[in-house]
Amino acid sequence: MLDTMMKLFFAVLPYVALMTFFLGTIYRYRARTFSYSSLSSQFLENRQQFWGSVPFHYGILFVLAGHIVGFLVPRSILWWNSVPLRLYILETSAFIGGLCALTGIIILMYRRLTNSKVAKVTSPMDWIVLAMLAAQIGTGLYTAIFHNWGSSWYSASLVPYLWSIATFSPDTAAVMVMPWAVKFHIWGAFALIALFPFTRLVHILVIPNPYLWRKPQVVIWNWDRHTIRQRDY
Amino acid sequence: MDVRAQVTTVFHLDKCIGCHTCSIACKNIWTDREGTEYMWWNNVETKPGTGYPTKWEDQSKYNGGWERTKNGKLRLKSTSKKSIPFNIFHNPNLPTLDDYYEPWTYKYEDLFNAPEQSSQVTAMPKSLITGEIIEHIKSGPNWDDDLSGSPIYAENDPNLSAVSDDIRKQMFAVERLAFFYFPRICNHCLNPACVASCPSGALYKRGEDGIVLLNQERCRAWRSCISACPYKKTYYNWSTGKSEKCILCFPRIESGQAPACMHSCVGRIRYIGMTLYDADRIVEVANLDDNQLAEGMRSLILDPRDPEVIEAAQRNGVHDSVIEAAQNSPSYKFIKTWKLALPPHPEFRTLPMLWYVPPLSPVLASLDTGKVSNSTDELFESVEKFRMPISYLANLLSGGNEGLIRYSLKKMLAVRMLQRHKTVGDIERGTVDKMLKEADTTEREATEIYRLTSLATFDERFSIPPAHREEAIESVGVVQEHKASAGFGFKFAPRRGL
Ligand code: HEM
Ligand code: SF4
Ligand code: SF4
Numbered sequence: 144m145l146d147t148m149m150k151l152f153f154a155v156l157p158y159v160a161l162m163t164f165f166l167g168t169i170y171r172y173r174a175r176t177f178s179y180s181s182l183s184s185q186f187l188e189n190r191q192q193f194w195g196s197v198p199f200h201y202g203i204l205f206v207l208a209g210h211i212v213g214f215l216v217p218r219s220i221l222w223w224n225s226v227p228l229r230l231y232i233l234e235t236s237a238f239i240g241g242l243c244a245l246t247g248i249i250i251l252m253y254r255r256l257t258n259s260k261v262a263k264v265t266s267p268m269d270w271i272v273l274a275m276l277a278a279q280i281g282t283g284l285y286t287a288i289f290h291n292w293g294s295s296w297y298s299a300s301l302v303p304y305l306w307s308i309a310t311f312s313p314d315t316a317a318v319m320v321m322p323w324a325v326k327f328h329i330w331g332a333f334a335l336i337a338l339f340p341f342t343r344l345v346h347i348l349v350i351p352n353p354y355l356w357r358k359p360q361v362v363i364w365n366w367d368r369h370t371i372r373q374r375d376y
Numbered sequence: 133m134d135v136r137a138q139v140t141t142v143f144h145l146d147k148c149i150g151c152h153t154c155s156i157a158c159k160n161i162w163t164d165r166e167g168t169e170y171m172w173w174n175n176v177e178t179k180p181g182t183g184y185p186t187k188w189e190d191q192s193k194y195n196g197g198w199e200r201t202k203n204g205k206l207r208l209k210s211t212s213k214k215s216i217p218f219n220i221f222h223n224p225n226l227p228t229l230d231d232y233y234e235p236w237t238y239k240y241e242d243l244f245n246a247p248e249q250s251s252q253v254t255a256m257p258k259s260l261i262t263g264e265i266i267e268h269i270k271s272g273p274n275w276d277d278d279l280s281g282s283p284i285y286a287e288n289d290p291n292l293s294a295v296s297d298d299i300r301k302q303m304f305a306v307e308r309l310a311f312f313y314f315p316r317i318c319n320h321c322l323n324p325a326c327v328a329s330c331p332s333g334a335l336y337k338r339g340e341d342g343i344v345l346l347n348q349e350r351c352r353a354w355r356s357c358i359s360a361c362p363y364k365k366t367y368y369n370w371s372t373g374k375s376e377k378c379i380l381c382f383p384r385i386e387s388g389q390a391p392a393c394m395h396s397c398v399g400r401i402r403y404i405g406m407t408l409y410d411a412d413r414i415v416e417v418a419n420l421d422d423n424q425l426a427e428g429m430r431s432l433i434l435d436p437r438d439p440e441v442i443e444a445a446q447r448n449g450v451h452d453s454v455i456e457a458a459q460n461s462p463s464y465k466f467i468k469t470w471k472l473a474l475p476p477h478p479e480f481r482t483l484p485m486l487w488y489v490p491p492l493s494p495v496l497a498s499l500d501t502g503k504v505s506n507s508t509d510e511l512f513e514s515v516e517k518f519r520m521p522i523s524y525l526a527n528l529l530s531g532g533n534e535g536l537i538r539y540s541l542k543k544m545l546a547v548r549m550l551q552r553h554k555t556v557g558d559i560e561r562g563t564v565d566k567m568l569k570e571a572d573t574t575e576r577e578a579t580e581i582y583r584l585t586s587l588a589t590f591d592e593r594f595s596i597p598p599a600h601r602e603e604a605i606e607s608v609g610v611v612q613e614h615k616a617s618a619g620f621g622f623k624f625a626p627r628r629g630l
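So the protein lines, in turn, are chains A and B.
The numbers in the first sequence follow the numbering used here, run straight up by one, and end at 376.
The numbers in the second sequence follow the numbering used here, run straight up by one, and end at 630.
Only chain B is shown next, with the shape it has when bound in the complex:
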């Protein structure tokens, strides 16, 4: 058992209101420089929809992530060791600016400087790359925001491939249109394709907390990581000639604060906590069949109260404060104890450590009576009849395993009914008890779920251990080396080389 610590995040999709506050918080701090305008380390997608960059989930287009070879090994789909010498001069799987969008601003000064004229003055959009006027903006961030039902966007969602024609037709019937929001950041994976792909070894996983970082001093713009990450969460800075990615606000985490996107989240959908996992089993789990992967990933995460696990963690250099944080981790509850959260596209085999509680949004009242039904059968049947089909969610969150989605939705529904019984009182106790039982839960657990879902305070949502910077190797290194350096270790402004 090789026990390591990992900051693990849970996003509760049922609560996301699609306000994009998270994206803006991130952009304001990290990506408002030249070359990074198009980077959205945090973005919020409408599902069904094509996402950002367009159709990122379609690996027949981007070739991201890992694939299994015949002899049971894992191989990068994009640039394996064998193909890198041939792909380094031109990367055949690199998404280009057209897959994102050409960043622009407006010629605001025209609003003030235009001479008097009979028509309304407009501020024309101009490219943030070339400075030229863009006559016709073809795409932008969140271009398909809220556009469920659109034949250009929603109907091209790669996840629909698993949905039967019948259900698909229902999904896109006008009266039944539904969508939910899918906020995304880098998943700080346990088997990161980006790290494995970098020819220069510029990417690495931090031992203390598992945050995946990209050392720009070592990046040489071979751009392998961008094709390799199946979630397209590494980006190429066209201005500096270096790649960049989400850093999980590690400077904030190290000072005990939640990352900016999580701190600012209006829907309070975001939870962050330490988990302990068994690194010895990474390869074994990453090799499982598609629909086994989500369960396999759950089994990687260890019980932080198990004395054996604690001992192994201590032997491995995990600090006691980290173990304690793991014991108070809200993520552990959502993923392991309650089995509500699921990993996004586990079939990409990078073992993402950002988990999602599937959305339960559609209202339960029947269309005919306008009333909530009263029998368990009918209530649970509604899970099957949800506007967001289970097969769709399974393709997104469990590698096609519909059982896991059903389990999670039923439990959430039971929690909802228990609370409805308590507060509104229009559902009978007997029905609720039966539902709880069928959903494999108890009133106690359901109440806990309700609490952490709806009432949790800041400290309950974020369990971040101290970073022990006082122990960092660099702090006992040569002080002069960091003297007068700017920002995060740069002695000179990180500008494009000659």
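Extracted from the complex, chain A is given alone in its bound form:
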């Protein structure tokens, strides 16, 4: 009974999550563009924001990038890990990334709890996101400590599961035998994806990469400068 339930969870929940993610973010972007913002609170509190936001973002981005690379090119990770020293380097840096993220998010949560100005601009959703991210980082670090060499077994067993989801032929055999911490980590991830469009996390979708190649100045004309000269008044 529990088994079938879990199977269902691992096979169906991802699709529900991805559906809300795509429909939600697209709808929100089109109908409520204004609400897309990183909602920075640095203006109200500067110091703790630095010690929280910077390690959190560097850490989470590094670890997230690791997950994505593993998902895209699992063989390369396995190849890299075939030399023990390289495996240790990868595992240690990922662990440090996770610790940065954890330290950062704890400071961010403390900041939102104790600074009355920042509290004023904190919504219930902010707390849900912070709590879920903290839990996610927590289960991740727990896994790293108690179920060693995750970068290898993630690439070998879990990535195929993720690909089976991506190719609409869910195969849950590999996840079913995973320890509880890993199961929670996977559920947490899909829950975050499902919730994504309703949170401030949408700021990740609008990171300003075009800035790096756009011209410095932007000029916009309200009237069509070529036709306006050709009319008679």
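Accuracy of the hints is not assured; some may be wrong.
Stated by the list, open to error - Covered stretches of chain B (in silico footprint by chain A; criterion: 3 or more residues with CB under 8 Å from a CB of chain A, positions within the stretch not fixed): (1) 324-332; (2) 337-346; (3) 351-360.
Claimed, not checked - Computed spacing ranges between beta-carbons, pair by pair: (4) P267/A / K258/B: 23 to 31 Å; (5) D134/B / V159/A: 48 to 56 Å; (6) H290/A / N419/B: 54 to 62 Å; (7) Y170/A / D412/B: 39 to 47 Å; (8) S293/B / I363/A: 33 to 41 Å; (9) R357/A / S453/B: 27 to 35 Å; (10) T246/A / K623/B: 39 to 47 Å; (11) T246/A / D298/B: 49 to 57 Å; (12) K270/B / A208/A: 39 to 47 Å; (13) N245/B / A262/A: 22 to 30 Å; (14) E456/B / A208/A: 54 to 62 Å.
In case anyone wonders, no lab produced these hints; they're calculated from the structure.
None of the values given here were measured: they were computed from a predicted structure.
Just so you know, even glycine gets a beta-carbon here, dropped at the ideal spot from N, CA and C.
Dock chain B with the ligands against the given chain A, drawing on the hints supplied.
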């Protein structure tokens, strides 16, 4: 030649009475919402003084504006392209609430609801952010209003760095204390640092009139513009999570009215007019040496009656009505024809298009005799002896070029003497003629200056062309898109996102 049009403003500092009517007019229309209480798109500072936000002119603190690189290029001091990936999570140059002030109101209801008691009831101040009582207000808008001579405020004015110790001592001697008012709005610059800095490209300059706007629908609170603007005229709305800035009352301008701050100005110090400028030379001019910048900026502005300029403007999509407005522009007269107006801190290299006529306030009668002196030498010497030292004004208005300040003050003094000769008659004609000549002006020009300075009517002070909204691209777009939208294009109230 890439000729574009720019609404260009001139503030005549000699006439500002520091009444703050402008600030209030602006606040009542645009910034009385939650999150904007601390924003003063228009503010009036006392100079010498530290300004708003505190010491905004000190770029070693705020890193605003542009700097020249070794290979002759311009680079933003705060967040250049290279540093933005590292500065986006925490902006090291962002001014915070402490650099402005915590906005507050008073608990007025206590005045009515307090129980009967032996002591006087007071309305305690409470924060407009948290709602908590503020025991001790540390700062507020115009906190150093009229506080020239104050060792906490005036003596920390960043412009004093260029003033010699000797002169500084004189400036702050009690009998010689002087100050003037310095009203400020966004300068709608030709090389705006705010626009260049925005990672999302939310800021832009309007092609028709050069007004610099911030599209809040595209702002994502990366807050680069706030650090980049050396004049600190973009502000962060802590409530909506979007930045906002002075819009030069474009809805008013588009309907032919002067911006609210200018319309309401009690001293009638404000002039607005179109100018045509050569956009091809922006980078070249912005790269000049500090003390060349003001002259360089003047040279950017083109003669609107020159047939070649007119033709180039027409080719570039500038409407005839705009060219006509440029020909009647009071700003053009102050900046180009008379060379009286100067740009604020041109060394920030954003090429601000709000120019200032320097103040000539101190009275000319000598302390000993109580009479106005009679020889040109003595009169012009008084320019050097003004209580507001030329080196100070040069640091504020000409990138350190004292010659430009002197030129402008001498001419204004000559105008004043000509009028004094005419109305009071205690100065001889010969002296006046000599002064006019030495000030590089004529009686005719001086009379014109006098007229536009003192007698100008509303229409002479504001030359605003029609906006041609009927030609706007959006008016031929999908009508449904704007149907039922609120205010300036918002379909939903612009509230903070989740
Ligand atoms: C390159 C990508 C990213 C950029 C440029 C970015 C930028 C920002 C910025 C500017 C803020 C506002 C900080 C402030 O208060 O001033 C912010 C907040 C936040 N970001 Fe990101 N972010 C990125 C990726 C992420 C990722 C991957 C996550 C998590 C999965 C994340 C989670 C958060 C959270 C939870 C906050 C709120 C922090 C708080 O409590 O104040 N961000 N981000
Ligand atoms: S004054 Fe500041 S906000 Fe205004 S255009 Fe210039 S750089 Fe931008
Ligand atoms: S309204 Fe005019 S005179 Fe009064 S403070 Fe403002 S600029 Fe000066």
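Hint-by-hint comparison with the structure:
1. 324-332: That given contact holds, which follows from 6 residues of the segment 324-332 of chain B lying within Cβ reach (below 8 Å) of chain A.
2. 337-346: Holds: 4 residues of the segment 337-346 of chain B have a Cβ under 8 Å from chain A.
3. 351-360: holds (count 5)
4. P267/A / K258/B: 23 to 31 Å: Once the Cβ atoms are compared, 25 Å apart, the range 23 to 31 Å for K258/B and P267/A holds.
5. D134/B / V159/A: 48 to 56 Å: holds, 55 Å
6. H290/A / N419/B: 54 to 62 Å: Hint holds: Cβ distance 60 Å, inside 54 to 62 Å.
7. Y170/A / D412/B: 39 to 47 Å: Distance hint for Y170/A, D412/B holds at roughly 44 Å.
8. S293/B / I363/A: 33 to 41 Å: Holds - the Cβ-Cβ distance for S293/B and I363/A, about 38 Å, lies within 33 to 41 Å.
9. R357/A / S453/B: 27 to 35 Å: Between R357/A and S453/B, where Cβ atoms are some 32 Å apart, the hint holds.
10. T246/A / K623/B: 39 to 47 Å: holds, 41 Å
11. T246/A / D298/B: 49 to 57 Å: Taking Cβ atoms as reference, T246/A and D298/B lie about 54 Å apart, which means the hint holds.
12. K270/B / A208/A: 39 to 47 Å: Once the Cβ atoms are compared, 44 Å apart, the range 39 to 47 Å for A208/A and K270/B holds.
13. N245/B / A262/A: 22 to 30 Å: With Cβ atoms ~27 Å apart, the hint holds.
14. E456/B / A208/A: 54 to 62 Å: holds, 58 Å
Violated hints: none; the structure is consistent with every hint.
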